[in-house]
Structure formats: C-alpha cells, structure tokens
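Going line by line, the protein sequences match chains W and P.
4 is the number of the first residue of the first sequence in the working numbering; add one for each residue after it.
4 is the number of the first residue of the second sequence in the working numbering; add one for each residue after it.
A few of these clues could be false.
[Said to hold, decoys possible] Distance condition first, Cα-Cα at most 25 Å in a straight line; then the derived SDA-like pairs of lysine to any residue: (1) W:K10 <-> P:R188; (2) W:K158 <-> P:R188; (3) W:K10 <-> P:D166.
[Stated by the list, open to error] So, partial list: chain W residues that the calculated Cβ filter (under 7 Å) puts toward chain P: (4) Q26; (5) D82; (6) P157; (7) I206; (8) P212; (9) Q215.
[As the list claims (entries may be wrong)] Residues of chain P clear of chain W, computed beta-carbon distances all greater than 10 Å: (10) D27; (11) A47; (12) H96; (13) F214.
The set of hints was computed from the structure by calculation and includes no laboratory data.
For every residue, glycine included, the Cβ atom is placed at its ideal position computed from N, Cα and C.
There are 2 protein chains.
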Amino acid sequence: MDERAVKAAVLVIGDEVLSGRTQDVNIRQIAEFLSPLGITLGEARVVSDLEADIVEALNALRARWDYVFTTGGIGPTHDDITADAVAAAFGRHIDVREDALAILHEWYAKSGTQLTSARLRMARIPDGASLIANPVTGAPGFQVENVFVLAGVPKIARGMLEDIAHRLEGGAVTQSLSIRLEGVREGDIAEILGQAAKDFPAISIGSYPWFQEREGGELSRGVAVVLRSADGETLARAEQTLKSQLPAQS
Amino acid sequence: MDERAVKAAVLVIGDEVLSGRTQDVNIRQIAEFLSPLGITLGEARVVSDLEADIVEALNALRARWDYVFTTGGIGPTHDDITADAVAAAFGRHIDVREDALAILHEWYAKSGTQLTSARLRMARIPDGASLIANPVTGAPGFQVENVFVLAGVPKIARGMLEDIAHRLEGGAVTQSLSIRLEGVREGDIAEILGQAAKDFPAISIGSYPWFQEREGGELSRGVAVVLRSADGETLARAEQTLKSQLPAQS
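Next up, chain W with everything else stripped away, as it sits in the complex:
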C-alpha cells in the first residue's frame, strides 16, 4: 500500500459519440485494460471534432493525470484532425513523417492499396512523437510525452493498447469484488454500508441498484455492492464483515 496511485484519463474525440449515433465503448475498454496494470481512470471526456475543444481538453487532462489516452480522429478524411490538434496542444511542429510513411508503404504494398494523398494524412505525426503499432489496419497511432493517441474503432484501439502496455508504469493493482443482493433496495442497506465505509476507510464501497425483467415480464430488483482496494487483506475482512450483515445474497 506504499505505492502511489497511478491515474489516467480518456479523451474521446468525435461528433458521432456526442450525436448519439455511436455508443462509445473505448472508455470502458481502456479502463479494463489499465486496471490489471495498476492504473485507474480518474476522468473521461468526450469532445467534438473541433481543434480548439480538443486542445483545451487535452491540455487540462495531461496536466492533471499521469496518462491520457485519446481515441478517434486519426483517419484519412477531412474530419480527422486529432494529430494536428495534439501537435497544437504541445506546441510542436507536425508533418508527414518518414517512419510513419514507411509503415503505410509496406502495409499498402501487401494489400495492393493505393497510397493516395488522403492516406498520406495518416502519416502526419508531431515532431518527437513515438509511433504506436496498429496491427489491424496499419496506420499508426503515436505517443507524445504522457499522451497516447489511439484510433476510435474499438478493435484498432484494442490492438494499439497491446503495443503500449510496456510503456506504462502502473501502481498498486486495485482488486475488486462484488456482493449481489436480490430483492433489496439501496435504502435497506445504506446504514450498514455507511458504517462499513467508516470502519474500512481504505476500501472504496460502491452501491449500484439494478433492475431486471424476467421471462414473463416480472420485474426483479436488487443492489450490487462493489468493494475496491489495493489492499487484499483488508478487502477480504471488509467482505466478511459485510456478508455477515447484509441480507439476501444471491
């Protein structure tokens, strides 16, 4: 428990998420990827495809959190402005870079795809950035200082995360466990949970109501109590205490 907490943020870039057209899954995917590395998300933001908005959000997030992961806006079309916005946020020069170009050349030669001037856009990388391999479609992401620029397509973002795991320095790994209660409402157990939160200050205790429709239309309800901590021993003690006090565990 003497390791410090390592915290990250996700910046989702894209009108398609804000319009409701696309359901973001990258926040969750990145959280799940980071968790076993001992890194937890402290914040996430979704901004639209406007350079000023991206720059402002990125500068706020990279100053506050250990790592920032952006998703989206690194393709070949006119609305893909992430690389230029990241360069602007860092005050760095950006242009088509030879190493990124070589990757595109090799990738497209294999698949017989033409390297059009539009596709050249995907080789625009800020000065001093290190590339992130894209095992799905070739065009790389990149890292500038504590900022990792990933694709928005979830499969590609996932592939890129594999390439950067070794670049991340994690802290103590947070363990979590869940106690599922059925036929119980939050108000029934709030005092027990409040007392446990006081008795076990090292444990984060969350309480999440759920509703479920059964076959036949009958509605069931309950609460999931989630305990989180990097201290496994105390976590086990808190679980034992709560299980002995809470009703109707399923």
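Mind docking chain P on chain W? Use the hints.
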C-alpha cells in the same frame, strides 16, 4: 437556419463507469432524447464520486453550455453525493425539503417501504431547485438554473427526461442521414468527402469506418458517411451529390 444552435453537456458521475464495471449508456440516451428537440451535445464528462471533481466539472460545463444534465449519485447510500456537490457548485444551502419528503412518504406508503433515515437522504434538495418527477422509483431529481440532476440507472434517467422536455428550449432540429458504403476504405473516398465539405459548408460530413464479421468468419469492411444539418434542402442536395460520386452503396 436563423435559429441559434442550442448545445448541452452531460456529466456522468460515478466510479462504476470509470472503473469499467458499468458501461455508460446515458450519454447516448440523452443525446438521442435531445436531438428531436433541437438540442445537440457539445461535450460530455465522466468524473468520480469526489465532491471537488464534481463541483469543478459542473461549474465549467454550466458556464459554457446552454444546459447540463448530470446522471448518477442521487441514491440513499454514503457514496451518493451529487445533490450536495451541486448545492456546493451553486453556493446554495441544502437540506431535506418538505416537497421532496412528501413525495417519498406517498411513494413508500403505497409500497409499504419504510422511510429510513438513509432514504431521507434522497429528499435533500438545494434551495430554490425545482423537482423532477421519477416515475420509476419515486425519489425525485431536481433542476437548478440550467442544470438537470438525473438518476444514473438508465430507466430512471429516461423517465425523468420525460418530465423535463417541456422545460427545454430547443433550436433548429438537426436532421441526419447516412450513406452506407461496403468494401470501401476511408482513404478511397477522402478526397470526395473533403471536396463536399468545402462545397457544402452548412453540412457536417462525418466518415466512420466499420468492420463486420460475417457468418463463417469472413470479415467485411466499409464506411458510413453521415451528413448532418438543420437545413433540410441543402442536406438533400449534398446527399444527391455524394451519392452520385461515391462507389458501392449498400
């Protein structure tokens, strides 16, 4: 097109989303609800259950956007701190309020539920806030100025939105249409799209690659081109132009 654009933000409050345990669906749900009212999302944030973080994000968002919708953290347990954080952000006093209490009394009387001291927490409403009806579980949300405080459980949040639709003043309704291309990569059509973006500056043109696994494991790919505008006539012209230029529409 002379109506001004009305823009809103969503503030998702909850460690359970940042931990990756829960997939947020409220950002999308709120975007879809607002769209036909002529309100679009300009930003979304996810913050953890820390008062300082909620206050900071809320004050930034309510100053910038016409409306802010928060989700999560208004239940009866120790980790439900949204109401107090919103009161702090506005510098307003907060306590158990009689009108909210009356709703809980009536609701619980019907269902034979005890109004415990923990449940009283759900009647904590900032001074001057107007209540938002909760048709699912009774405990109300509330509105302070341009901020609407909703529950985190998606079904409850959806029910609360119905109660506030008439309080929102929308702008011109954004229409959107989508052209689905199969067997095409973004780089193949980037020049056509870039030219159209120049020719139709009133139209927002988005380009979103997709990948799909077919039965038998064969992978297909394509691009969805999405056009958005409050100007239906120009939208139809842009669609016609693009359809005549783009290949392989499915």
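Review point. Was the hint right that Q26 (chain W) lines chain P, CB cutoff 7 Å?
Key: Nearest chain P Cβ about 5 Å off; hint holds.
Practice item. Find the nearest Cβ of chain W to the Cβ of F214 (chain P) and say whether that gap is larger than 10 Å. Key: The assertion about F214 (chain P) is violated, with a minimum of 6 Å to chain W.
Check your understanding: Per the stated criterion, does the least C-beta distance between D27 (chain P) and chain W lie above 10 Å, as a non-interface residue requires?
Key -> violated, 7 Å
**Study point:** Restraint satisfaction for I206 (chain W) [CB to CB of chain P, less than 7 Å]
**Key:** violated, 12 Å
Check your understanding: With a cut-off of 7 Å, does the beta carbon of Q215 (chain W) approach a beta carbon of chain P closely enough for the hint to hold?
Key -> violated, 11 Å
**Study point:** Hint consistency between K10 (chain W) and D166 (chain P) [alpha-carbon to alpha-carbon, up to 25 Å]
**Key:** violated, 37 Å
Exercise for review: Say whether it holds or is violated: A47 (chain P) keeps its Cβ farther than 10 Å from all Cβ of chain W.
Suggested key: Given that some Cβ of chain W is not farther than 10 Å from that of A47 (chain P), nearest at about 4 Å, it is violated.
Point to revise | Beyond 10 Å from every chain W Cβ - status for H96 (chain P) | key: holds, 23 Å
Practice item. Would you check the hint for K158 (chain W) and R188 (chain P), treating anything up to 25 Å between C-alpha atoms as holding? Key: holds, 16 Å
**Study point:** Distance restraint between K10 (chain W) and R188 (chain P), which requires alpha-carbon spacing of 25 Å or less
**Key:** At roughly 36 Å apart (the allowed maximum being 25 Å), R188 (chain P) and K10 (chain W) break the hint.
Review point. Regarding the hint that D82 (chain W) lies at the interface with chain P, is the smallest CB-CB distance below 7 Å?
Key: With a minimum Cβ separation of about 6 Å from chain P (threshold 7 Å), the hint on D82 (chain W) holds.
Practice item. Please verify that hint: P212 (chain W), Cβ, nearest Cβ of chain P, below 7 Å or not. Key: holds, 6 Å
Against the hints set out earlier in the document, violations occur for numbers 1, 3, 6, 7, 9, 10, 11 and 13.
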